[in-house]
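**Q** The lines below spell out each chain.
Number of protein chains: 2
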Amino acid sequence: MLHKQEEIDFSLGQNGCTDEELLSLVRHTIRRSVDTGHPHFYNQLYGGTDPYGLAGAWVSEACNTNQYTFEVAPTFSLAEHAVLQRALELFGFPNGDGIFAPGGSMSNMYGLVLARYRMYPDVKLDGLAGLPPLVVFTSEDAHYSTLKGAHWLGIGTRNVVKVKTDAAGCMDPKHLEQCIIKATREKKKPFAVVATAGTTVLGSFDPLNPLADICQKHGLWLHVDACWGGSLILSRKHASVLEGIDRVDSVSWNPHKMVGAPLQCSMFLVKHEGLLHRSNSASATYLFQQDKFYDVTYDSGDKSVQCGRKVDAYKLWLMWRKRGDEGLSRLVDNAVDCAQYFAKIISERPGFELVLPEFQCTNICFWFIPSSMRDQTRDEAWWDKLAKVAPLMKERMVLQGAVMLGYQPMAHRGMVNFFRMVTTCQPPPTRAQMDFVIEEIERLGDDL
Amino acid sequence: MLHKQEEIDFSLGQNGCTDEELLSLVRHTIRRSVDTGHPHFYNQLYGGTDPYGLAGAWVSEACNTNQYTFEVAPTFSLAEHAVLQRALELFGFPNGDGIFAPGGSMSNMYGLVLARYRMYPDVKLDGLAGLPPLVVFTSEDAHYSTLKGAHWLGIGTRNVVKVKTDAAGCMDPKHLEQCIIKATREKKKPFAVVATAGTTVLGSFDPLNPLADICQKHGLWLHVDACWGGSLILSRKHASVLEGIDRVDSVSWNPHKMVGAPLQCSMFLVKHEGLLHRSNSASATYLFQQDKFYDVTYDSGDKSVQCGRKVDAYKLWLMWRKRGDEGLSRLVDNAVDCAQYFAKIISERPGFELVLPEFQCTNICFWFIPSSMRDQTRDEAWWDKLAKVAPLMKERMVLQGAVMLGYQPMAHRGMVNFFRMVTTCQPPPTRAQMDFVIEEIERLGDDL
Ligand SMILES: Cc1ncc(COP(=O)(O)O)c(C=O)c1O
Ligand SMILES: Cc1ncc(COP(=O)(O)O)c(C=O)c1O
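Protein chains in written order, with the numbering used here: chain A, 39 to 486; chain B, 39 to 486.
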């Protein structure tokens, strides 16, 4: 890792440089970058890339085109269509529609925009002025993208109601209903629920069937942020954690997370045909000429809030074609298996304490308690001390360690800094690696 | 080009395939894709990629990381910082701030969001409910992204007021002021003007100094959509078309257009330090830990509406470092020179008719009038007939031609389909190529 910014001279100016100088800078860049493809990079919800995915990324980068029209992206439009179609089938919206977006935060914004548009189609023309405050409900464990989206979309972060989660980190449907009733009483207008399938930190899955019942009853759009946990739909063994997802209105799924498609690769899927285009189209005549000689239904660009749109589908298409559903299922199962193994080992190991006894995805959250702290009373001072352990261990990981994982506090649960171990499909983790990580954590933290 | 979707089997299913089958599919994909790097691809505002840019794209794809924190993107964070800094200096905001966004449409949305946030900081928390309708002004020749943005941001497309342009396609400052006064009288709240530097079709530059005067007087944010024409800032000879840009509040610039950075490469630049972070931050504790051991000011992620953010800066950094300001300037000058040469030749050639006598960027818009139509009276039937010439010629271009350029009507000027020829930096065009294009157009259209 690069520590001091002076180590590489990134300055730009009047004059260029030779190819040799440039090559040396590129070598330095690569060497001082974080090796996210390292088997022991567990720091984020992504890691190494699927090699077929990387090949696909390179091909589509070299072909440098925009995904907006069939005219300039005939092959990539068809590949995008094929991937979306397969994903729609898996999630249970065979007649739905979809689009690739530059990341899950944007995909989640698509969900909010469509939810709002379905309830108030005039919002496209007239904006929000004159409407009551619109309210969206999401869990207190949900990703912050709904907050960012609420600001951008003019809804306001105050109108993102945080629904309580149970001990397992799943949205409490009873509390959701209470929140809906309360917002309505306050003369606000509930319009959408954003459930999470695989929360960022704990990896919890909100109960989709009860949530779908409530949304149906109150006429609310149900969007599922499955950016992280959506990949479990690929698994024969574990897809059942997503039960009920065919009943929802829209889904976001990031194949750039668990399955290792190179960044960026995120899709937004919606059950209702035609809505994406009606909501987002602007019918620019310089781009979407209707007097073209080919079938313009493959011109997907006007469904998007973007104009130019990078080809993000082809790399996923390539991985998927190579491996089939079958091969992707095996990779996901292996990631889950390693996570389960990791959890089992540390649940029996002194010094490790699981945040959740049961877990649902490939996140395993735990505190590591150095030897010297193990037999002490857990008063406030003790927790304050423990809070500092993870950052110190993290510093050692980065400076001298062979593994890298993330940590965070969780204020709404009153929890101080804990680690989040997480497995992904690429490079495929092994049980032996899990053992190594556990030992490495002990090595780095035991003397603290 | 691919005509029938059956020609390549993009279907996905249960089983995978062999490497050989995959390779054959990839070869087909490449062969049937549109060769945007072909010297005679003039169809969009992008074309071939700068080879150094492509190398940079491949490196950053292989390093697969997220631009959000220095922790996982130390080198790329510094490269992004260096590119933004150089761009800020060029545009005249040395103390400003910036961020890469997934395309110009998103960059323009950043401008609208910051404009709104500066006027109504409470919008982040409270949303738009209770506020008067906010109004943004842009020219009738402006890109449609302001419309799409207005829908998403809850402003409403009706509240995008289209200001008239003069004969050269430039926003009329007098009409802008009338529109501002009218909106205020209607109890709406003007908050931003989106000027364009290099319009999509005609390539016109709005007069920034008069617009800045008006915005100052009325307290409005002035954003410049320089996605297309912003690259002229690199040119020693032609940067003056952007005069006054140092007076505006924010700028969008797409190096993936004229200068040939691979898609996607777009930046949003803002004069006011700190605003980007205040407006967009959500301070997620799992990602932006403040107890990290390094200088967290390089953690750029919380300035973004995105969470994960692909590395888009490095490819541009690599091109720029290789070529220097000097080298990029020469490439831009060459593109402008070829465009000027093209315009000069066709202005003297029978059958070609320029839409604008003067032009300001590298767009040259023209009608091609087949021999049989040249000496006829230009009544309505004649124009109807001419409207069909461009689509027919386009079909021939795609099916049997050696060049590809775009066409469009322009309803607000009462103009039927005309061609838009456009040069970019990559691959560097030549005058001989311009001659070839002219001859090819005659070959494809003269008998119509
Ligand atoms: C003037 C102008 N602004 C903005 C855009 C949108 O940029 P992007 O395609 O990157 O969203 C375009 C696209 O052609 C444009 O011409
Ligand atoms: C549950 C969840 N949703 C959405 C996102 C945002 O996805 P992206 O980083 O692609 O914007 C994340 C990112 O970690 C996430 O964990």
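Wrong hints could be hidden among the right ones.
Identical copies go unnamed one by one, so any copy, or any two together, can satisfy a pair.
PhoX-like cross-link-like pairs, simulated, lysine-lysine; straight-line CA separation at most 20 Å [what the hints assert, rightly or not]:
id : residue 1 : residue 2
1  : LYS423    : LYS212
2  : LYS220    : LYS200
3  : LYS330    : LYS382
4  : LYS426    : LYS330
5  : LYS423    : LYS330
6  : LYS255    : LYS227
7  : LYS202    : LYS426
8  : LYS200    : LYS226
9  : LYS330    : LYS309
I should point out that these hints are in silico values taken from the structure, not numbers from a laboratory.
**Q** Can you list which hints this structure breaks, lowest number first?
**A** Those not satisfied are hints 1, 3, 7, 9.
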